[in-house]
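So the chains spell out like this:
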Amino acid sequence: MIVIARLTVRELVRRRVVWLLAGLTIVSVALVAFGVERLVSLAREEGLPELEIRVGVSQVLILIAFMFSFVLAMTAAFLGAPAIGGDVESGVALALLARPLRRIDLLLGRWLGLALVVVAYAVASGALAIGVVTVISGFGPPQPILALAFLAAQALVLMTLTLALGSVLPAIGAGAVAVVAFGIGWMAGVMAAVAAAFDLQSLAGAADASRWLFPSDGLWRGVVFGLEPPAAALLATGRSPEGLAANPFFALQPPAPAFVIWSGIWIAVVLGLAGWRFTRRDL
Amino acid sequence: MTASVSSPVIQLSGITKRYGSTVALDGIDLDIGRGELVGLLGPNGAGKTTAVKLLLGLARPTTGSGHVLGAPLGDRVARRRIGYLPELFRYQPWLRAREVLTLHAELAGMPAAMRPSAAAAALALVDLADRADDAVGGFSKGMQQRLGLGVALLGDPDLVLLDEPTSALDPIGRTDVREIVREARDRGATVILNSHLLTEVERVCDRVIIVNHGRIIASGTLDDIVAGDGVRIRVTGLGPSGRSALDAFGPWQDDGEWATFRPLVADRIPDLVAAIVAAGGRVHAVEPGRGSLEARFLELVGHDTDTDGGSS
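Protein sequences appear in the order of chains A and B. Just add 353 to the spot in the first sequence (first one is 1) and you have the numbering used here. Just add 77 to the spot in the second sequence (first one is 1) and you have the numbering used here.
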C-alpha cells in the first residue's frame, strides 16, 4: 500500500499536477488579495462601521472558500477518477496486479497518496488565502484551523467517492457521477436552509438525510462555521435570525461530533465497498 | 484434452469462464511442467488471453479449479515467482525505464539491495540499457514492448507468461525475443508464449496447445501436431471421378495441384500413388512427413469451426 501511495504522490509531482495547483493557488490568492484590499479600502473611505466591514470581510471570505471548495472538489474528482479506472482502462493495472499486490492495497495506496496531496493542497491554499485576507483586512476568521480541517475533509469525501466509483466504472463516468453528487449535495444544503427558514419539516428531514448519505455539504457547513464571525456580531448588524438561518453561507452551529465521526466511517465504508467490488472484478 | 507431465507448474481442471452469455473457456484441462516452452495458439477470441489472466488471478474461473506453482489460481505468494507481459503492455509513461523495473522489483518483494542490479540486468537483456533513464512516455511501441518483456523476466521468475510478446517488434526484435525465451527455458523456467505468429511459435516452442472457442483442440509437441503420418502429393490430370476415388485413403485436402493426406500410414503411400496413376493422374512430387504449423493450425481450427457450425 505504501509503495502505491509513494508512486501516486510521485506521479502527481512528476506530471506537474502539484506545481500546477501551486501556481493556480498563488494566482488566485493574489486576485483575492487585490479584491479584498479594494473592498476594505472603499468601505473605510465610505466610513462604514468596523463591525460591518468585519462581517463583510467574513462573507467575502466564505464566498471565496465556497469557490475554492468547488475548485478543490473538482480537483479531487479529476485526480480520483482515473486513479484506478484509468489504470484499468489503459492496462497499467494488469502489470501491477500480476505482482503479489492485493487489489485492496492498490486501492488504499491510491487513496492514501491522493489524500496526502488533496489535504496538503486544501490546507496550504486555504491557509494562504485566510492569511492574506487577515493581513489585508485586519480581520481574521475565528476558527481558521477548524475551517481548513472541514475543507480538507470535504475534499477527501469527494475524492473517496470518485476513486471508489473509478474502481468499478470508466474514469470519465466516475468523475461525472461524483461531480453531480457534489452538486446535488450542495443543493440539498440550500434546500435545508430554506426548509429551516420556512419550517418545512419534511423537506428539512430529506435534506438532512442527504447530508448523512453524502456528507460533502454537511462538512461544508463546518467550513462556514469556522470562517464566519459569531452570530452575536451578525445579529448586532441588524440581520434577522430567520434570514441567517435561510442563508446557505451561514451556519449557526458546527457539524455535530456524531456527523464528523460518521463522515470518517462513510469514507471507510465507501472504500470498503469499492475494495470488495474491485477485488471481484475481472480485469 | 490432457497432457500429463510430472509435478506440473500449471495444472487446470475443468476450467470454464463465462462473461455473461459468452463462453470464453469451456472445460479446460491442462498440465504444463517445469522447463517447458509452450506455445498457446488460437484465433482471435479463442480464449488465450483469458486463460493467461486466470493463471494470474486477474480474472476468476466460473467453474473448475487450478494450481500454478503449487498454489491455487491467483495466489499472491505464487505471483512472486511469475513474470507477465500483458497483451496490452502499458507502463507508467512518467516513469523512467529503470524506475519501472525497480517498482516491479519492489512489488515482487525483491530485497532493496538487489533491485538496482536486477533492473539493470533486465534492461540489458532487452537491449534497453542505454535508454534506462529515459521516460517511458517517449518510447516507441516496440521499445515499450521490450520494456514489458524486461519486466516479465525481472528476477528470473519460475513461470513466464508472454501474451503476444512480439506484436510491436521488428524482425530483429523478434529474433531477440526468440533468443530470450529460449534462455529463460534453458535456465529452467516454464514459458507460455501466447501468440498469433505461428512461425514464432514453430521456431521456439517445445509444445503447442491450440485453443478454439474456449476449448483445447490440440496439444502436443510440434511433431505431434504438425507431422503425424501424412503425405503431400503434386498431381495433375486427375478428373473429378479420379479425385473422389482418393477418398478411400482417408481425409485429404485438395489445394489444386497439391493434395495433402493426413493421417496416412507410410505403408499406404505406394498404394495411393498407384491409385492416382490408375485414375489417370500424373504424379510430379511426393513429400511425406511434416507440413507447416500454419497449415495444420488452419486445418484444425477450420475443422473445429465447421464442426461447431460457426466461425470464430
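Hint data in this document are derived by calculation from the structure and do not stem from the laboratory. Note that the structure is predicted; figures quoted are calculated from it, not measured. Possibly wrong hints are sitting among the right ones.
Okay, the calculated bits of chain A under chain B, using three or more residues with CB under 8 Å as the criterion [to be verified]:
no., segment
1, 385-395
2, 402-410
3, 422-432
Take a look, some chain B residues computed to stay more than 10 Å from chain A by CB distance [what the hints assert, rightly or not]:
no., residue
4, A136
5, L180
6, A185
7, A190
8, A198
9, V228
10, G316
11, D344
To list a few chain B residues with every Cβ distance to chain A over 12 Å, as calculated [to be verified]:
no., residue
12, G151
13, R158
14, I159
15, Q169
16, S318
17, G333
18, E334
19, E376
Note that CB positions come from ideal geometry on N, CA and C, so glycine has one too.
### Hints violated by the structure (listed by number, smallest first)
1, 2, 3, 4, 5, 6, 9, 12, 13, 14 and 15
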